[in-house]
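*Asks:* As a plain string of letters, each chain reads:
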Amino acid sequence: MTDLFWLIPFPPALSALVLILFGRVLSKRWVTIQACGAVLVSFGLSLLSFGGLLGASAEGLPLIKTLFPWIRAGAFRADFAFQFDPLSAVMVLVVTGVGFLIHVYSVGYMSHDKGTTRFFSYMNLFMFAMLILVLASNMVLMFVGWEGVGLCSYLLIGFWFEKKSAADAGKKAFIVNRIGDAGFLLGLLFLLTVVGTSDFTAISGAVQSGAIGAGLATLIAILLFIGATGKSAQIPLYIWLPDAMEGPTPVSALIHAATMVTAGVYMVARLNPLFSLSVPAGNVVAIIGAATAVFAATMALTQNDIKRVLAYSTISQLGYMFLGCGVGAYAAGIFHLATHAFFKSLLFLSAGSVIHALSGEQDMRKMGGLKKYLPRTYKPFLVGAIAISGVPFLSGFFSKDAILTSAFAQGRYILWGLGLAGAIMTAFYMFRLIFLTFHGEERLTPEAKLHLHESPKVMTVPLAILAVFSVIAGYVGLPAIFGERADLFRRFLEPVIKPAGEGHLSLGTEGLLILASVAAAFLGIVIAYWFYLRNPRVPQTLAARFPGVYKLLTNKYFVDEAVGAVIIRPLLRGSELVYTGFDLKVIDGALNGSAAAAGFFGKVLSVFQTGFVKDYAVAFLLGVAVILGVLLF
Amino acid sequence: MTVPASYFFILSIVLFVLGIVAFFVKRDLISQFMAVEVMLNSANLAFLALAKAAAFADAQAVVFFIITVAAAEASIGLAIVLVIFRRKKSIRTADLDSMKG
Amino acid sequence: MMIIVFFALAVICTGSVLGMIISRNQGTSALLLVLAFASLGGLFGLLGAGFLAVVQVIIYAGAIMVLFIFVIMMINLREGIVPEKRTWTIVLSCAMALVILGEIVFAARGVAPEAPPALAGVSPTELGRLLFTKYLYPFEITSVLILAALVGAIVLVKKREP
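Residue numbers (our numbering), protein chains in the order written: chain L, 1218 to 1850; chain X, 30 to 130; chain Y, 78 to 239.
Possibly wrong hints are sitting among the right ones.
Quick list of in silico lysine-lysine cross-link-like pairs, DSS-like style, CA-CA up to 27 Å [as the list claims (entries may be wrong)]:
{"#": "1", "chain 1": "X", "residue 1": "129", "chain 2": "L", "residue 2": "1831"}
{"#": "2", "chain 1": "Y", "residue 1": "235", "chain 2": "X", "residue 2": "117"}
{"#": "3", "chain 1": "X", "residue 1": "118", "chain 2": "Y", "residue 2": "211"}
{"#": "4", "chain 1": "Y", "residue 1": "236", "chain 2": "X", "residue 2": "117"}
{"#": "5", "chain 1": "L", "residue 1": "1331", "chain 2": "L", "residue 2": "1282"}
{"#": "6", "chain 1": "X", "residue 1": "118", "chain 2": "L", "residue 2": "1831"}
{"#": "7", "chain 1": "Y", "residue 1": "235", "chain 2": "X", "residue 2": "118"}
{"#": "8", "chain 1": "L", "residue 1": "1331", "chain 2": "L", "residue 2": "1831"}
{"#": "9", "chain 1": "L", "residue 1": "1666", "chain 2": "X", "residue 2": "129"}
{"#": "10", "chain 1": "X", "residue 1": "118", "chain 2": "L", "residue 2": "1820"}
Which chain Y residues stay away from chain L? Per the calculated CB distances, all over 12 Å, these [unchecked claim]:
{"#": "11", "residue": "112"}
{"#": "12", "residue": "175"}
{"#": "13", "residue": "210"}
One side only, chain L facing chain Y, incomplete, derived with CB under 8 Å [what the hints assert, rightly or not]:
{"#": "14", "residue": "1841"}
{"#": "15", "residue": "1844"}
{"#": "16", "residue": "1845"}
{"#": "17", "residue": "1847"}
FYI, nobody ran anything at the bench for these hints, they're computed from the structure.
Each residue gets a CB set at the ideal place from its N, CA and C atoms; glycine is no exception.
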């Protein structure tokens, strides 16, 4: 059953091709059925492949299927080959499962849009690229997928391209991504110099045999991580993700919450032998992850746009995943990736449902008291918020706890502390969002109130399904309190992620840590409750008391403005100067000049063309005299 | 006493140069054409002198061909002159400059 | 004895060509040229090419020059030729011609005149044999050439239908 895994990317690819070529003649109904159906087929294949892995031993892993030899340049080979192992299984299940639900949701959300066919063709194309990224057996092919998802992200962010802000956001996303990709490529090239190929199996082998020195490993790992910061929106390349909210909400859910942005985490986890080899690189990853987690959370505290809050939340949660990987707990990082996929996409889709209900309103200051009007949206939303806050018994609690515990166990107390602070803020801003949107006094505009309606089933059913998963998904990765064997998730990933020398904690310490996380979650919720439901004037007073801090947070620390002034404007000025000074004067000048010279010479020579045969004969004669002279003497 | 071949060569060159001069001195097409014929004949003379000097009979075949081709060329050339005259009513070379520029 | 004949013929030839240059009248030039070609035929005979001498007189002096005279008479120019305005071409070309003459004479100066071989002329038989074996292709092609010239001349001169 697992043998069919290589087929997984192709249903969406085929669907995308059909939609691109023939979409214009297909009915909207057929387009949506085909697009969702393709992803469903992929999901089915993923399930089958996963099932096949459950019973199998770790001997034959990873399964590799070479579709065709792709690059053969001298000694360098990169084949178009897929590989399948527990890590791939987790990724494809998440991508296709959540992807399918989001596709279904989009049928309802995008029903009024006139570009539905284009939308679904891009979505299918994205699925194809993401699946290639996840299934690739070598880094070069993975890079193809990496770029592909970047392209689809650009296309989908700027889907409503007539709106300038949307088009600009798409451009920004692509360009910032590209900067990260430079790091990725450099890391890949260094890797190639020492390993010779970019196959993951070869890389693991090289690490084990000691072929890669620690210094080189650090360099490669850091360069690759720079690529990951671009794709997964960490400091310093996170600036594109908030702007990416210009795209339709399903896009934000799929690409900027569940799948594309997790590609960086996946890459680090896939290359865990390499990252484990280099302690400094691991530190860089962990520190940037923790810093981003806190930094982004602070910005989410004061945002008024419902989607922006979720965007910063995503950046923050991605920071947690990198924190986990950085301290060696790759399994915990992937675990959080999976649970985050469920509850973050749930949150985005629910937000989309609210926006849809309010005919496009996204500002939370114009919401409030929607609980009684949108019950089928409110309940899943609440579940998602509880999950992300780390309240016990839901999935977020288990995955976040796994990361924080690992950090503490390694003696990284500062990182643990940062993570805990971030957890408090996470709970706070999520419940701030809930309270502002669904509770309290109604601040709706009259027209919005007029058209207020619950979303159709095609949108609310996926929400419910995701809510269920947000609750139960955590139980595959229970903490050590319940016994060593209870962490099914980590054991499943063992063939790929060798357990690092994580420190072991006594049961008592672990129990205390869990209590701390729970306390953090509840602290955040209580503060939010107090600020927004009990004493609604407190936030304003605080803002008035600390205007500087408030302005700093609301304006995202002015990072975008700083980048614009320090980097973008000089670049633009510089290129303008080059254009006028060099391009126009020198290159155009040379070109026009040579043309003018040719014309000039032509005019000079035409003086000799008098039209009289005798003149031509004179020239003839001259030539004869000269040639004779040369020949005879 | 037979004539040395070199005398013939000298005569040939003199005739050739005279032909050149004639070409440039004359101002109408037909006379220039006649100058060309003179030049051709001087070449014929040179070939025959060569045939005698080197006992090389092939040169006489060449002369045969030259005469034939000259005949063909003369007929066509004169036909062209006639057509030009019909068009421009003049055969002065000074009037024929439509290829100017 | 031959030398005298040679010089006589050479003088006639050169003289008539000079006359042709000097004469203003095309008809006179043509007739002088006939004389030149005839004397040239004699010179051919002196070189042992009897067949070619006769061919020269018949074809060149006889047919080609007559063609020239026909055309001259058809064109029937009455007015005189306007003197050439651009004399520099004449001067330059004469200079060039002299230069060429000088070059050749100078180059040939060092060559000692060799002993003339026996005056064994080439009989028509030999010439014919050459033409029909070694130079067969040029022979045939020349005949096609003449045909082409014939057709061409007729087509060129045909009067357009009014």
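*Asks:* Now tell me, hint by hint, if it's right for this structure.
*Replies:* Comparing the hints with the structure gives:
1. X/129 - L/1831: Holds, because 13 Å separates the two Cα atoms, which is no more than 27 Å.
2. Y/235 - X/117: holds (17 Å)
3. X/118 - Y/211: violated (47 Å)
4. Y/236 - X/117: holds (15 Å)
5. L/1331 - L/1282: violated (40 Å)
6. X/118 - L/1831: Holds, because 20 Å separates the two Cα atoms, which is no more than 27 Å.
7. Y/235 - X/118: holds (17 Å)
8. L/1331 - L/1831: violated (77 Å)
9. L/1666 - X/129: Violated, because 86 Å separates the two Cα atoms, which is more than 27 Å.
10. X/118 - L/1820: violated (32 Å)
11. 112: holds (26 Å)
12. 175: violated (10 Å)
13. 210: holds (33 Å)
14. 1841: holds (7 Å)
15. 1844: violated (10 Å)
16. 1845: holds (5 Å)
17. 1847: Where the cut-off is 8 Å and the nearest Cβ of chain Y is about 10 Å from residue 1847 of chain L, the hint is violated.
Consistency with the previously given hints fails for numbers 3, 5, 8, 9, 10, 12, 15, 17, ordered from lowest to highest.
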